[in-house]
Amino acid sequence: MTPKTRKKRDKMSVEMDEIPKITLELGSREAEPTDIKAEKETMETEEKAVKAGERIRKNADGIMQNKGVIGYILRNSVTANIDLKDPTKIIDYAVLSSSTLEAGDQISEIFNLGNIKHILIEGEDAKLISFAIEDNKVTAFMKKDVDHKRVYRDLQR
Amino acid sequence: MRELTDETRSFALETTLNEIRNACPNIQASFLLDKEANIIARDSETSEADVEQISELLDAMLEKADAIGGLNALVIEGSKGNVHLSSIEDMYLTLVAPKKTDMENLQTIPRVLIPTVIKILDTLPTSPKRPIPKIPVTEPEKMEEDEPEEEDEIDEETSDVENELSSTQLIVESYSGLWVRGDTVQISKQVAETLQDALHGKEVDLVEVETFNGRSSQFKVKTLDDSKIEGRIIRIPEKGCHTLKVEKGELVRVKPIAE
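Chains A and B, in that order, are what the protein sequence lines are.
Numbered by the working numbering, the letters in the first sequence go through residues 3 to 159 in order.
Numbered by the working numbering, the letters in the second sequence go through residues 4 to 262 in order.
Derived from the structure by calculation, the hints contain no laboratory data.
Virtual Cβ for every residue (Gly too), placed ideally from N, Cα, C.
Calculated cross-link-like contacts (lysine-lysine; reagent style DSBU-like; alpha-carbon spacing at most 30 Å):
{"hint": "1", "chain 1": "B", "residue 1": "102", "chain 2": "A", "residue 2": "119"}
{"hint": "2", "chain 1": "B", "residue 1": "83", "chain 2": "A", "residue 2": "50"}
{"hint": "3", "chain 1": "B", "residue 1": "192", "chain 2": "B", "residue 2": "223"}
{"hint": "4", "chain 1": "A", "residue 1": "151", "chain 2": "B", "residue 2": "83"}
{"hint": "5", "chain 1": "A", "residue 1": "119", "chain 2": "B", "residue 2": "67"}
{"hint": "6", "chain 1": "B", "residue 1": "102", "chain 2": "A", "residue 2": "151"}
{"hint": "7", "chain 1": "A", "residue 1": "69", "chain 2": "A", "residue 2": "146"}
{"hint": "8", "chain 1": "B", "residue 1": "38", "chain 2": "A", "residue 2": "119"}
{"hint": "9", "chain 1": "A", "residue 1": "145", "chain 2": "B", "residue 2": "38"}
{"hint": "10", "chain 1": "B", "residue 1": "67", "chain 2": "A", "residue 2": "87"}
{"hint": "11", "chain 1": "A", "residue 1": "145", "chain 2": "B", "residue 2": "102"}
{"hint": "12", "chain 1": "A", "residue 1": "87", "chain 2": "A", "residue 2": "146"}
{"hint": "13", "chain 1": "B", "residue 1": "103", "chain 2": "A", "residue 2": "146"}
{"hint": "14", "chain 1": "A", "residue 1": "146", "chain 2": "B", "residue 2": "122"}
{"hint": "15", "chain 1": "B", "residue 1": "83", "chain 2": "A", "residue 2": "145"}
{"hint": "16", "chain 1": "B", "residue 1": "192", "chain 2": "B", "residue 2": "242"}
{"hint": "17", "chain 1": "B", "residue 1": "231", "chain 2": "B", "residue 2": "248"}
{"hint": "18", "chain 1": "B", "residue 1": "67", "chain 2": "A", "residue 2": "151"}
{"hint": "19", "chain 1": "A", "residue 1": "119", "chain 2": "B", "residue 2": "83"}
{"hint": "20", "chain 1": "B", "residue 1": "67", "chain 2": "A", "residue 2": "146"}
{"hint": "21", "chain 1": "B", "residue 1": "38", "chain 2": "A", "residue 2": "91"}
{"hint": "22", "chain 1": "A", "residue 1": "60", "chain 2": "B", "residue 2": "67"}
{"hint": "23", "chain 1": "A", "residue 1": "145", "chain 2": "A", "residue 2": "119"}
{"hint": "24", "chain 1": "B", "residue 1": "38", "chain 2": "A", "residue 2": "151"}
{"hint": "25", "chain 1": "A", "residue 1": "50", "chain 2": "B", "residue 2": "102"}
{"hint": "26", "chain 1": "B", "residue 1": "242", "chain 2": "B", "residue 2": "225"}
{"hint": "27", "chain 1": "A", "residue 1": "69", "chain 2": "B", "residue 2": "67"}
{"hint": "28", "chain 1": "B", "residue 1": "242", "chain 2": "B", "residue 2": "205"}
{"hint": "29", "chain 1": "A", "residue 1": "146", "chain 2": "B", "residue 2": "38"}
{"hint": "30", "chain 1": "A", "residue 1": "146", "chain 2": "B", "residue 2": "83"}
{"hint": "31", "chain 1": "A", "residue 1": "146", "chain 2": "B", "residue 2": "102"}
{"hint": "32", "chain 1": "A", "residue 1": "91", "chain 2": "B", "residue 2": "67"}
{"hint": "33", "chain 1": "A", "residue 1": "146", "chain 2": "A", "residue 2": "119"}
{"hint": "34", "chain 1": "A", "residue 1": "119", "chain 2": "B", "residue 2": "103"}
{"hint": "35", "chain 1": "A", "residue 1": "151", "chain 2": "B", "residue 2": "103"}
{"hint": "36", "chain 1": "A", "residue 1": "145", "chain 2": "B", "residue 2": "103"}
Facing chain A, from chain B, some residues (calculated, C-beta under 7 Å):
{"hint": "37", "residue": "60"}
{"hint": "38", "residue": "64"}
{"hint": "39", "residue": "67"}
{"hint": "40", "residue": "68"}
The shape of chain A in the complex, shown without the other chains (with noise of 0.2 Å):
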């Protein structure tokens, strides 16, 4: 190889080396609509979880004045709301209502049950119901003869 076609394959190289240098320009400039567009959607599903966690919160403190109702639990990824009317009862009822909807979860998977509405369970003092709504997850709290499928409209709404 002479010394001559040495150096233009040299020459070559740099230029081919510039290639990907201006794709990742490239690359960048397309990148920011894109992120735009996805904080715009993390917003707006931000701020419509924030609305239904109002609506749901002012639902709730509606069920609170019902014979029967204990209490509830609301919380998503920024806040949590607890209205017991047993206090002493806080952690364990908090315990209850994250691992029923763990629960709930796993069991909607093992047994493909899709988008899960909601989960009651009956004890022998008291039942509950949970629910997600966005990325709200709310437990209410009732005694037995409570109508919980009217708790649950009522929350709905």
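Add chain B to chain A, keeping to what the hints say.
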């Protein structure tokens, strides 16, 4: 009255779940757990791994459910299907069905059938499944050796009688394993000696096992030390039990065969 073994109960309940599933084709899965979330029975179509997972999940839930006075029922409504877990007797029955199934209606048959089966199981004695006469091992009657003139006649008659008398009633125990010979039954030394007496002291290598349903089969004999096997037991290989259609705890007649 002793209670039936867990194995027998599980088998009966599994059969019940299978029958329920046949009657209600909407059921996608059905199983029974005890109040500590241990698996009791599942229908044959339901995956064991799935039930094990549910058992673990439920086990974790049980403690937490103390806050509401324990777990009596659990209902999950999904967009494609539903899960209903409810208390029956001292167990949890779980039914999985598609979305539009009327779960209240679906539970009617299991709610009637399962308690009935349990009630029947509770009234049954455990092994042996059939009442056993109180003769532990039938001693063969020794034939008198006098009156030599009528020997031939008597021989014919007595051989039938001897056959009847020499049979020993034993309780079945099935056994299986990698090295188990399908053509050999195991008996205790005590039983072997009794059978040997019936053959006038000859060693017993072959026996005929006859069930009370009239099925019979011949087996080779392996004698075990009395410490390893109870006197009234005959261990029949699983395959043999299947051929004879006998189960653990049933009574069979065992006759020695002279080679």
